[in-house]
Amino acid sequence: MPTVITAEGLAKQYSLGEHQAAYGTLRESLARAGRRVTGREHRHKAEQIWALRDVTFEVQQGEVLGIIGRNGAGKSTLLKVLTRITWPTAGRVEIRGRVGSLLEVGTGFHPELTGRENVYLNGAILGMKRREIDRRYDEIVEFSGVERFIDTPVKRYSSGMYVRLAFAVAAHLEPEILLVDEVLAVGDAEFQRRCLGRMEELGSSGRTVIFVSHQLPAVAQMCDRAIQINGGTVVGDGRPAEVIANYLHQTHSSGSERSWPEDSAPGNDLAKILSIRLVPHGDMPPGVVDVRHPIAIETVFRVAHEGKPLFPKIKVLDQEGAIAFNAMDTDDRWLQPTPPGVYVSTAWIPGNMLNEGSAIVEAAICSIDFPKLEHHAAVYEAISFEVLDPGEGDSARGAFAGQWRGVLRPKLEWTVEPDRRD
Amino acid sequence: MSRGPSLLDERSNDGTAAEAAPLADGSLDTESEASASRVTVIQPATRWPKLDLGELWHYRDLLWTLVWRDIVVRYKQTFLGIAWALLVPIFTATVYVVIFGKFADFPDGGVAYPSLVVAGVLPMQYFASALTLSSMSLLSNLQLVTKVYFPRTLLPLGAVVVPILDLLIGLPVLLVLMWYYDTWPGGVEVVLAPLFIALAVGTALGAGLLLSAVNVRFRDVRYMIPVILQVMPLLSGVPYDVSSIETKWQWVLAFNPMTAVISGWRWAVLDAPEPVWGQFAVGTAVAAVLFVGGLAVFRRAEPRFADTI
Chain A
1 MPTVITAEGL AKQYSLGEHQ AAYGTLRESL ARAGRRVTGR EHRHKAEQIW ALRDVTFEVQ
61 QGEVLGIIGR NGAGKSTLLK VLTRITWPTA GRVEIRGRVG SLLEVGTGFH PELTGRENVY
121 LNGAILGMKR REIDRRYDEI VEFSGVERFI DTPVKRYSSG MYVRLAFAVA AHLEPEILLV
181 DEVLAVGDAE FQRRCLGRME ELGSSGRTVI FVSHQLPAVA QMCDRAIQIN GGTVVGDGRP
241 AEVIANYLHQ THSSGSERSW PEDSAPGNDL AKILSIRLVP HGDMPPGVVD VRHPIAIETV
301 FRVAHEGKPL FPKIKVLDQE GAIAFNAMDT DDRWLQPTPP GVYVSTAWIP GNMLNEGSAI
361 VEAAICSIDF PKLEHHAAVY EAISFEVLDP GEGDSARGAF AGQWRGVLRP KLEWTVEPDR
421 RD
Chain B
1001 MSRGPSLLDE RSNDGTAAEA APLADGSLDT ESEASASRVT VIQPATRWPK LDLGELWHYR
1061 DLLWTLVWRD IVVRYKQTFL GIAWALLVPI FTATVYVVIF GKFADFPDGG VAYPSLVVAG
1121 VLPMQYFASA LTLSSMSLLS NLQLVTKVYF PRTLLPLGAV VVPILDLLIG LPVLLVLMWY
1181 YDTWPGGVEV VLAPLFIALA VGTALGAGLL LSAVNVRFRD VRYMIPVILQ VMPLLSGVPY
1241 DVSSIETKWQ WVLAFNPMTA VISGWRWAVL DAPEPVWGQF AVGTAVAAVL FVGGLAVFRR
1301 AEPRFADTI
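Chains A and B supply the protein sequences, listed in that same order. Count the first sequence with the numbering used here and you get residues 1 to 422, in order. Count the second sequence with the numbering used here and you get residues 1001 to 1309, in order.
Isolated chain A, as found in the complex:
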C-alpha cells in the first residue's frame, strides 16, 4: 500500500500573549508600542506553548487511523494542521490525494436558508462542486429523511432534523482521504451508529480515514491503527487495542496495586488489610483488563488473634461512583472464628460482566453483627483499573461501536424459538 500522508517533525507553537492581545483594542497596542519605543516597557516575552512537537508519522492508503489522547494533548491541533485550518510552525506534511475534512457536522449552515439551500451551501463549503451536488441531491435528501421539510428554513427544524440533514451532506462526501474530528460526540446513539457505519464503509472501500476521538470503543472497533498523542508528541503507535490499553494505564491515577506496612495498615486490632491488587492478566498492561476476561482482585489481610468469624468483602463502583455490586466470600471456611495468620483471598469477577471504563474497588474484612455488617478493616477507593473492549466483536457489544451505557455489561444467554401460535 502506498503512503498517502507523510508528516515530518510537525510542530505548532501558540503564544499566550498573542491570544490576550487578540481581545485588546488598537489603542492598547499603540500605547504598548509607544512605551516600548520610549523604553519604558521592554518587549515582554510572551509565554510560548508548543501544542505540537516533532510529530512524525506516515499513513498508508486504506488505513483507518485513530488519534487518541487526553484533552489538550494536541490531537485537535494536529487535525487543524492536517486540514490546513491553521499553519504549522515547523515541519512538513505531504498528502497525496483529494482530502475531505469534517470537523463538525453542518459547517456553515444558515438558519434563514431552507433545507435545500443549505444542502447546496454546506456541500460547497465541504468542497463539492455544484454539478456534483446536483447529481447527488436526491440521494442526500432521501438519506436525511427530512424530505417533507426540505423547503422550510432550517431555523424551524428540530435539532435532530438539523443534524440528520447536515450529516446526510457529509456522508456523501467522497474524498480519498477523510479527516474527521469528534463528529460523533453530537447526536443520539442512532446517529452515532450511522456515522461510524459510514466511516467503516469508507475505510473498507480503500479510502484513508484519520479519526480523532475520545471514544475509545469506536477507535478500538473501527481503526486498523491508533496513535496516542501526549504533550504534543506521538507517544504510542500501533494496534488500537495495545495503544488504548497503554493510554488507559497512563491515565488512571490511583493505581491497581496498593500495599501498606504492618504498622500503618488499615484495620483494627483484630484484622488489618496488608495489600490489595488487580492481578495482571495476559498481555494487558498493568491496570487494564480485557472486558471478556475474568478479573482477579487479590486482598491480603492479617488476622491478629482468633475472635470472630471474619470474611473478606469487595465493593465495585464505576467511575461516577455508582455501585456495581457488593460481594463477599460466603464459603463455609469463614463460619468458625478465624484463626490468626495472613490470608491471601482472591475474588474472581467473571468476564463479560463489568462495562467498559474505569472501575474502582473497595475492600473490607467483615464479620456479621446482625443486622449490621461490622467492618474490621476497610479501604475505600483502594484501587482502580480500566476495563477495555478491544472491539473484536465477541464481547457483549457485538459489532456495535457506539455508546454502551450501564454499570454492568453482561453477556446473557439468549434463546429464540418460533411462535407456536403462528
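None of these hints come from the bench; they were simulated from the model. Heads up, the beta-carbon is just placed ideally off N, CA and C, and yes, glycines get one too. There may be inaccurate statements among the hints.
Unchecked claim - Here chain A is said to cover these stretches of chain B; the calculated rule only asks that three of the stretch's residues, wherever they fall, bring their Cβ under 8 Å from a Cβ of chain A:
{"#": "1", "stretch": "1070-1084"}
{"#": "2", "stretch": "1147-1159"}
{"#": "3", "stretch": "1199-1210"}
{"#": "4", "stretch": "1301-1309"}
Based on these hints, arrange chain B on the given structure of chain A.
Chain B alone, transformed into the frame defined by chain A:
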C-alpha cells in the same frame, strides 16, 4: 473502488503548498494514480505568501455559493425584500437634492442636479455596502474560518461582489431621471461606465482586505467604518460637481479613489464635464496602492486568522 469524480480537491496553499510530481509507485491502480498525482504540501507560512490565482479559480464554485448565500439571506424575512435596493438610493438622493440642491445650492456642473446626485449616490451606496460587508467578512464567517479550509481571500472578495446586485437594481432610478431631465450620455464614453464601477470594486476590495484582516485582531474596525462612510460622500463629490470647486481642493480630493470613480462615471453616463485625467490618475494610483497593500497585509495575517479570531 468507486469514487466520486471530485471532492474537496487538491488544495494548494499560498507558497506553502505546491503541486509535486506524481508518485513513483507502480502499485497504484490507474484511478488512484490520477488523483494521487495531487500532492498537498503543508509547511510553515512564508513571510510574504503570494496569492495563488489558480487556487482561487479552483474554488470559484464556493465563491459563487457564498455570494448567492449572502444575496438570498440579505432580504429574507424583510417585508419589502429586494425593493430596499431601490428605496435606499431614492431616499438618500431625495434628502441630498432638497438639502444641498435647494437650501445650500451646491454646484451642479451644468447637469440637472437630481441626475447628478443619483449618479453619485449609486456608486457611493455600492462602496458603502461593499466596504462594510468585506471588512466584516472574516468575523461574520467565523464558523467557516475555524472549521474548514478554503482560500480566505474568497470572503472579502465575495463581499464586494454581493452589492453589485443592489447597484444594478438601483440603475432604473437613474434611467428615469435621465429620461425626465434629458441628461443622456454624451457619446461613446458610455462604454467606459463599467470600468469606473470596476475601480470602485477594486477600491472596496483593497480596503476590505486590509480592514477585514485588521478586524480579526482589533475590533476597532467596526467603529471606524461608520465614520469613514459618513464623510466619504462629501469627500467624493456625491452632492456636488468636483470640477466646479477651487482647483487646489480638486487635487486634494483627487487622493480619494471614489472621487475618480464618481467623476468618471458621471462623465460616462450623464455627459458631465470630463474628469481631469491627472486627478483621475492620482485616484487610481491610490486605489492600486490600497489594493496591493491590503492584499499583502491580508496574506501576511492569513496564517494566524484561525488562531487569533
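* Which of the listed hints are not met by the structure? -> 3
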